[in-house]
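Student: This is what each chain is made of:
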Amino acid sequence: MAIASTTTAPADTAAAARLIAAEERGGARLTAAMLVTPATILVAVGLLIPLVILFRYSLNEFVTQRKLMVEAVTIANYAKFFTDPYYINVLVRTLRVAVTVTAICLVLGFPLAYVLARTQSRFKNLLLMLVVLPLFVGSAVRAAGWMTLFGSKGAINATLMGLGLISTPLEIMYTETAVIIGITAVNLPFMVLSLQSVIENIGRDVEEAAFSLGAHPLAMFRRVLWPLALPGVLAGTILTFILGMNAYATPVLLGGPKFQMMGPLVYGQFAGVNNWPFGAAISFILMTATLLLTIAANLIVQRRYRR
Amino acid sequence: MARLRLDHVSKRYGDFHAVRDVTLDVADGEFVVLLGPSGCGKTTTLRMIAGFITPTAGGVHLADREVTGLPPWKRNAGMVFQSYALFPHLSVAQNVAFGLEMRRLAKADITTRVAEALKLVRLDHLAGRLPRQLSGGQQQRVALARALAIRPDVLLLDEPLSNLDAKLRQEVRVEIRELQRQLGLTTVMVTHDQEEALTMADRLVVMNEGSVRQIGGQRDLYERPADRFVAGFVGRGMFLTGRVEAPGRFRTEGGLALACDGGASGPAVLALRPERLEIGPAPLSGLDNSLPGTVEFISYLGAASDVHVRLSPSDRVIVQVANRGGDAAPEIGATVHVGWPATAGRLFAPGGDPPSL
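Those protein sequence lines, which keep their order, are chains A and B.
The number in the working numbering is simply the position in the first sequence, starting from 1, with 8 added.
The number in the working numbering is simply the position in the second sequence, starting from 1, with 4 added.
Please note: incorrect hints may appear among the correct ones.
25 Å max Cα-Cα, derived SDA-like pairs, lysine to any residue [to be verified]: (1) A:Lys161 <-> B:Phe56; (2) A:Lys88 <-> B:Tyr17; (3) A:Lys132 <-> B:Asp128; (4) A:Lys132 <-> B:Lys78; (5) A:Lys132 <-> A:Leu114; (6) B:Lys111 <-> B:Gln86; (7) B:Lys78 <-> A:Glu215; (8) B:Lys111 <-> A:Lys132; (9) B:Lys78 <-> A:Gly276.
If you anchor each label on the Cβ, the simulated ranges turn out as follows [stated by the list, open to error]: (10) B:Asp32 <-> A:Ser205: 42 to 48 Å; (11) B:Arg108 <-> A:Met42: 55 to 61 Å; (12) B:Glu120 <-> A:Leu27: 47 to 53 Å.
No wet-lab data here; the hints were simulated from the structure.
C-beta atoms are modelled at their ideal positions from N, C-alpha and C, and glycine is treated no differently.
Chain B on its own, in the form it takes in the complex (with noise of 0.2 Å):
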């Protein structure tokens, strides 16, 4: 049986539907991502998973025990929080020894496993310094360690990494990923960031809305996003909307004729990314769609760049061009013919959300 179980799990606010109907099983071990735009529900899902806000209807379940109306302090579920919430006049000792504490643990075993959280973390040094004297990525690691020392059923994050600078939030990922697996901890985290949740997710939980969107690995929300929102939520998505005349004709509405993947007649929107995209001088022999047209713009983005091609007057891709030195990048202005197989090409149907992009 799973670790955690969310069953059915709704939260309603008078007429708003904060979270609709989720199902989720998180299994022993499991670090899985809950991925969405703010307001998509995935914090509101977490605060239910803690037991900060009661389902108004569904069941959560945490190692083996129906805990849906239990208040936090009953459950066994270790938080960090978004702004770490130390207990500003406790030490980082202190802090860490609070949850043993609530337990009634024993003086010496807490002062072992303190030691012993505060070392995973490599804090140690500092056991003694208060929140306050402390950088923003020393804060974080104590609020996590202050969760890890309650061997929590659960481990779950809100969005730990959104308060650190770029570079150390790089190595936070890493470090907590390592923990979570050293210790076959199960996780919950909160992000907005896909790169974060691609980077660090065994797998990933798309939420638009309220609801689930997609439950997948990075490969299958990549590859094969259940809609359109996940296609450009989940990598950059290019939206051309058009319909399927026929099983594998796709027209835009500026008239392009494209070869896609199947479909069935009617309203549709292609899905295209960048990087599956092809541009070259000449036509592209070889692939399914060859199509001329006039670069607009061009940003540079170092590793590669992003050429902006216009192929009629309301259609418009991006091609992400490795820079690989050398080769002479195609100028703003010049006619270039753009690319691609019929299977880089996902349908979707049109309406819902906007184009990311």
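Just chain A, with the same shape it has in the complex (with noise of 0.2 Å):
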């Protein structure tokens, strides 16, 4: 325990009972550096030393006769993904999937988020299983599920065309619908723990306190559950928008060969074309855009929202 001190203990009680919290609080000290010290070395090796490795190659040129990294300094790689308009529009088309991905995960996950978070149910631990249940199966697999479902003669065109509903299937399968509704799938678990953890922590009392000033549901919405559950908004929104930039599996499944995404893209020009100095670019660019966004939205929300 560190209380140091009380304002009536006598002065020398006082320093006495600082040092001692000093002392322990060195002990402390040694015993959290033990503690963080495996990961963070696991953090090191595995992703710093080579993110500044993927940097330099992203510096290099690439010579397309021999097929080889000759070593450089140059912005070229860069500069190519930003000339080309076909680069750019895998950007935009992968921050329109990740955007509304998470807008998408916001909206059904907040609700489910609240339900779990406020249930008295004995079955609540089974409840929150179910929602983490989906991640058991990978997400290449759940692609795959997907494909028997949208596909022209897929479940759900049979369904519709058995029905009499359409005459001609719906194309679903290969497009940007199809790759939407597959990585909101996979990320929404992500997003409602996230949520439901925060809101867990917030007072029933102070809803109700709301309404007994007059709130009516929508208004304690608004101005107490909402900002309350920021930090869980938050979360989980960075969360789901991180993995849906980087998705892979669902969009190369779902998407078809023409739908391309930053990761896909980015794993094209390392294994296909063995492009490695504009692979590690893409990676850059991707990560860049990633982050940079993540703190625009973080600046954004606690300007808004803190005083």
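The task is to assemble the complex, starting from two chains supplied on their own in separate frames and drawing on the hints.
Tutor: So this is what it looks like as structure tokens:
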């Protein structure tokens, strides 16, 4: 315990207490250091070092004839990305999909998270498990499942045509809609869990206080619940957005070869055409775009709701 | 007509009767306290007035309006929560302004009324603070100011003092009561603390197991408790079980023959209060009852001592003796005489609630 001193304690007692507290803090520091070290090493080795190398690669030259990377310091790879409408289009599409997915996750996730946070049911843990359950199925497997549903002879079209509601099959497969649906389904649990844990810590009595002061449910939501849930909204939004920006399996499987997003693009450069410098540059553009938007969202929210 | 009226209000959850057939009129400016042990239905009753719970049966009338089915935001009830339930992201002034903004008052009016309300609870100097920067007592006053600012038809207090420390509680008790009188606020408070209830209320409603046991002033409840539960819950009660042999004659299970005040023949419980008994070294002439006994236990409480005296193998009473200094207090093991007038005891039907002492 690091209760330093009380105001009523004589000066020497207070000083002694401070010394003891300082020493305890020293011990706590050591323990804390030991606790964070393994994870820090893992992150440093597994993330930072490759990033540094990758960044260095992105400044290298690519010699097409020999399919080789040549040591250089050039921004040609970045320039290539930003001058070619095709690549700009891929970036814009990726942003659009990630933002849309995040928005849908928030709209669908909030009510679900709210109910989960407020339920008194003894099946609450089971319900939470059900939310997490989809994560047991990897996104590649899931996307494959969606394919059987979305295809021109898939379950949805077969049903609708069987009922006579449509005569020609709907084109769902290999569209942006399919990709958005797919990523949303994968990301929703992250949003729900982020929101649920925060909403759970907002007292029900605070909502009731708002009601008793004359706030109808919508006003209560806008003035009390939403601002108080904001940390969860932010966490869930960031998580969903990052996952959406970096989605790989879903756009490849549901979007098809013509629907390019940043994740598959990076992979294609590395594995397909062996252009490591350009692949590295795309990686950094993707990372920077994700980071900048996340920081921007954070700042906007903070400016808006922090006093 | 009463400011607040509960008309045969009940609340059932499946087979569980949380509140049974409660009828209560609260007059304009009256301070009524719902008193009872936890789970007695007092909080459910308060929440039905606030509109958080809809009664299964019966009606709630507030300021000449039936509000039974109305949601809380369409009633004009100011509530102070046990936890205060302040909006943690809003300043003190914004908390108080909240209800006024919901009523779409003009900005200037809101500013004036917030200042007024904060002045009432002497917190005008902390208007810009956030709730977490305030002490518990200050938070409580913000909660009160927030409820008062909307000029409620009724002020509802849900155990408002239970999170304050003992000394502060006494001060706030007086403060709330003075404010309530000064503003003529119709108030319903819920508490399980009988001392709190007795010091603050104009009228008390004693509840147990979902039903009202007695409604009355302090003196009514203390002097003329309606049943054994009230006798045990309000003030201190001791209960001797036995039977009334004839009107005026009570025999305990331990065989003591006691003079009592009336009563119909049959099994009964005789309720006594420790402060109504007298104790002395010799038989107490002039009292209807005077019995010898042995002192078994003494607890010294400062202003008074509780002397536990065994009167028979199955009858033990507690006598409260004022500590006036000087006179020799009885000692454990000493033989003493305990006496009381027949009118100091009250007879109740047996069974029901266990004695609270």
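Student: Hints broken by the structure, by number, lowest first?
Tutor: Violated hints: 1, 2, 3, 4, 6, 8 and 9; rest satisfied.
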